[in-house]
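*Asks:* Protein chains in written order, with full-length UniProt numbering: chain A, 1 to 286; chain B, 1 to 286.
It should be emphasised that the hints constitute simulated quantities derived from the structure, not laboratory data. Treat the hints with caution; some may be incorrect.
To be verified - Result set (EDC-like, lysine to aspartate or glutamate): computed pairs, CA atoms no more than 16 Å apart in a straight line:
1. K107(B) with E121(B)
2. K2(B) with E121(B)
3. K50(B) with E27(B)
4. K253(A) with E232(B)
5. K136(B) with D225(A)
6. K279(B) with E240(A)
7. K279(B) with D60(A)
8. K263(B) with E232(A)
9. K153(B) with E49(B)
10. K2(B) with E74(B)
11. K145(B) with E121(B)
12. K235(B) with D258(A)
13. K198(B) with E100(A)
14. K275(A) with E85(B)
15. K263(B) with E250(B)
16. K253(B) with E202(A)
17. K77(A) with E103(A)
18. K175(A) with E202(B)
19. K198(A) with D80(B)
20. K253(B) with E100(A)
21. K107(A) with D43(A)
22. K263(B) with D225(A)
23. K77(A) with D43(A)
24. K279(A) with D52(B)
Claimed, not checked - In silico negatives: residues of chain A with every beta carbon more than 10 Å from chain B:
25. A26
26. D60
27. D80
28. S96
29. E100
30. E103
31. R108
32. E156
33. V171
34. I196
35. P229
36. E267
Treat the numbers as computed from the prediction; the structure is a model and nothing was measured. The beta carbon of each residue, even a glycine, is placed where N, CA and C say it ideally should be.
One letter stands for each residue in the lines below.
2 protein chains.
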Amino acid sequence: MKVAVIGVGLIGGSFAKDIQQLWPEAEIHGIDSNEIHLQEALDLEIIHEKLDYNGLSQMDMVLVTIPVNALVEELPKILDASGDETVVIDAGSTKSLVCETVENHPKRRNFLACHPIAGTEFSGPSAAINGLYKGKTNIICEVEKTAFKLQEKALELFQGMGMRIRYMNPVAHDKHIAYVSHLSHISSFMLGKTVIEKEKNERDIFDMAGSGFESTVRLAKSSPDMWTPIFEQNKDNVVETLEEYIQNLEQFKQFLLDGDFEKVYNEMNNTNRIKQILKGIPLTKL
Amino acid sequence: MKVAVIGVGLIGGSFAKDIQQLWPEAEIHGIDSNEIHLQEALDLEIIHEKLDYNGLSQMDMVLVTIPVNALVEELPKILDASGDETVVIDAGSTKSLVCETVENHPKRRNFLACHPIAGTEFSGPSAAINGLYKGKTNIICEVEKTAFKLQEKALELFQGMGMRIRYMNPVAHDKHIAYVSHLSHISSFMLGKTVIEKEKNERDIFDMAGSGFESTVRLAKSSPDMWTPIFEQNKDNVVETLEEYIQNLEQFKQFLLDGDFEKVYNEMNNTNRIKQILKGIPLTKL
């Protein structure tokens with residue numbers, strides 16, 4: 001089994017580590033526009049050797065784990081360079097534009113559009129870890145456009161890694177993910193900004209961070225290089241989520257100003273059922 | 001050493017557990033308006049016996065760990081019932097109103113106003129854990145108003161529990177904590193609300209929650225009984241933080257609408273320094 005990982009950061013590097021554990025005989029090749037990262041991935045034995053696009057035709061599997069702006073630029077070239085039996089898998093956090101980009105590509109059947117919902121706030125090859133994807137959801141889009149034998153090859157990997165598979169169309173994916181992921185990141189970044197702007201004394205932030213701030217602001221450590229193109233590609237959905245979020249905050253503020261603490265209580269009480277949702281226990285629908 | 005814990009939930013129960021470890025000979029008495037919680041605390045051996053206010057005069061130390069609305073009502077009565085050598089310690093998340101409430105109380109010198117910055121999103125006696133306060137900050141207000149010998153007694157406990165002490169005036173405390181804690185809770189509650197309202201299918205939320213939503217929404221599991229009175233008492237500061245937060249979100253949205261992704265990038269990049277702040281590594285001030 002010959003595998004190429006294009007983009008040897010947290011996401012690609014963690015794939016490579018799991019693949020090594022699952023298929024010890026696999027040869028893992030790495031490609032990265034950042035030569036320092038590529039060398040680091042080699043030194044950390046995340047990949048076995050460096051590659052360039054000329055070598056892609058020899059690969060059984062190509063994982064494309066690069067920021068989504070680079071993804072839409074590179075994916076057509078990667079498919080051009082791939083062999084007839086190569087399955088090319090992406091891991092982009094947006095799915096509409098990437099699917100549109102290769103819609104009419106002659107090797108569309110070699111491509112499987114994926115979004116493994118996993119990550120940490122860290123990045124780069126040194127952030128790659130074993131088991132990052134275990135128990136996590138992998139959303140696959142337009143599965144019917146991928147050759148069946150190549151789907152099978154990819155699914156063997158995902159199942160071996162312990163991922164849960166969900167199928168979704170790219171438009172629905174981008175809408176849902178705007179709420180559940182993209183909005184979380186913006187709320188966290190803007191929370192961090194608001195606190196940093198106000199707290200001139202950083203020591204005060206640090207001392208008080210145990211009060212819930214630390215977990216809520218965790219995503220504000222995320223990479224702007226990764227997130228700017230995501231927000232750009234999913235702009236319409238993200239703006240919609242932001243408008244609804246701001247409206248809910250305005251309403252909460254108004255309840256405070258009105259001194260209507262029964263409504264303040266109810267707002268929080270109604271949202272408490274997020275506990276059950278995150279436990280995966282469906283509530284009784286009325 | 002005789003200790004009373006008034007309010008045997010997460011905060012008071014965790015104090016009781018640490019005290020048992022630190023001072024094995026201590027007798028821990030419990031008071032709670034919720035008889036089920038009180039019995040649970042006894043069954044879990046968090047407390048050794050039940051007490052009422054009549055017994056407070058015999059106590060060396062009284063920890064008052066109840067919601068802040070109950071705190072301002074009960075604290076004068078608790079001080080009335082306490083002995084001359086009893087140190088009464090609160091753990092309220094707001095400090096101005098509680099300090100005002102007992103400002104002219106004849107036993108003001110018996111009271112130490114504290115806010116241990118620790119907690120989890122869980123509540124009740126069964127949520128109490130050993131070591132909750134280790135390495136956490138305890139903010140003490142108006143320390144000069146507490147009798148020195150009683151300060152010493154309290155500090156011996158806090159140091160034994162491994163807490164870091166910070167002194168602050170109540171007005172500054174309430175302003176800082178509004179940014180670093182109270183705003184985090186509202187941002188999390190409203191994020192949860194926005195996502196629940198939109199995602200009719202709770203399965204979708206659950207499947208995608210690994211994308212950062214889970215940690216950002218963690219605080220939305222918090223108890224409305226605890227948080228409504230905090231927001232009520234700290235309303236002015238909380239409204240101010242909300243206005244600044246909403247303004248930052250509006251601006252971010254505008255950058256998206258304008259297609260100004262350089263500014264979107266910069267907003268995130270500037271906030272990334274929260275990483276250094278939370279590591280406690282002070283940045284070079286220019």
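*Asks:* Please go over all the hints and tell whether each is borne out by the structure.
*Replies:* Cross-check of the supplied hints:
{"no.": "1", "hint": "K107(B) with E121(B)", "in the structure": "violated (34 Å)"}
{"no.": "2", "hint": "K2(B) with E121(B)", "in the structure": "violated (29 Å)"}
{"no.": "3", "hint": "K50(B) with E27(B)", "in the structure": "holds (11 Å)"}
{"no.": "4", "hint": "K253(A) with E232(B)", "in the structure": "holds (12 Å)"}
{"no.": "5", "hint": "K136(B) with D225(A)", "in the structure": "violated (34 Å)"}
{"no.": "6", "hint": "K279(B) with E240(A)", "in the structure": "violated (34 Å)"}
{"no.": "7", "hint": "K279(B) with D60(A)", "in the structure": "violated (43 Å)"}
{"no.": "8", "hint": "K263(B) with E232(A)", "in the structure": "holds (12 Å)"}
{"no.": "9", "hint": "K153(B) with E49(B)", "in the structure": "violated (22 Å)"}
{"no.": "10", "hint": "K2(B) with E74(B)", "in the structure": "violated (20 Å)"}
{"no.": "11", "hint": "K145(B) with E121(B)", "in the structure": "violated (32 Å)"}
{"no.": "12", "hint": "K235(B) with D258(A)", "in the structure": "holds (10 Å)"}
{"no.": "13", "hint": "K198(B) with E100(A)", "in the structure": "violated (26 Å)"}
{"no.": "14", "hint": "K275(A) with E85(B)", "in the structure": "violated (44 Å)"}
{"no.": "15", "hint": "K263(B) with E250(B)", "in the structure": "holds (13 Å)"}
{"no.": "16", "hint": "K253(B) with E202(A)", "in the structure": "violated (27 Å)"}
{"no.": "17", "hint": "K77(A) with E103(A)", "in the structure": "holds (14 Å)"}
{"no.": "18", "hint": "K175(A) with E202(B)", "in the structure": "holds (15 Å)"}
{"no.": "19", "hint": "K198(A) with D80(B)", "in the structure": "violated (40 Å)"}
{"no.": "20", "hint": "K253(B) with E100(A)", "in the structure": "violated (25 Å)"}
{"no.": "21", "hint": "K107(A) with D43(A)", "in the structure": "violated (34 Å)"}
{"no.": "22", "hint": "K263(B) with D225(A)", "in the structure": "holds (13 Å)"}
{"no.": "23", "hint": "K77(A) with D43(A)", "in the structure": "violated (28 Å)"}
{"no.": "24", "hint": "K279(A) with D52(B)", "in the structure": "violated (38 Å)"}
{"no.": "25", "hint": "A26", "in the structure": "holds (26 Å)"}
{"no.": "26", "hint": "D60", "in the structure": "holds (28 Å)"}
{"no.": "27", "hint": "D80", "in the structure": "holds (28 Å)"}
{"no.": "28", "hint": "S96", "in the structure": "holds (16 Å)"}
{"no.": "29", "hint": "E100", "in the structure": "holds (19 Å)"}
{"no.": "30", "hint": "E103", "in the structure": "holds (24 Å)"}
{"no.": "31", "hint": "R108", "in the structure": "holds (26 Å)"}
{"no.": "32", "hint": "E156", "in the structure": "holds (21 Å)"}
{"no.": "33", "hint": "V171", "in the structure": "holds (14 Å)"}
{"no.": "34", "hint": "I196", "in the structure": "violated (7 Å)"}
{"no.": "35", "hint": "P229", "in the structure": "violated (8 Å)"}
{"no.": "36", "hint": "E267", "in the structure": "violated (7 Å)"}
Checked against the numbered hints above, the structure violates hints 1, 2, 5, 6, 7, 9, 10, 11, 13, 14, 16, 19, 20, 21, 23, 24, 34, 35 and 36; every other hint is satisfied.
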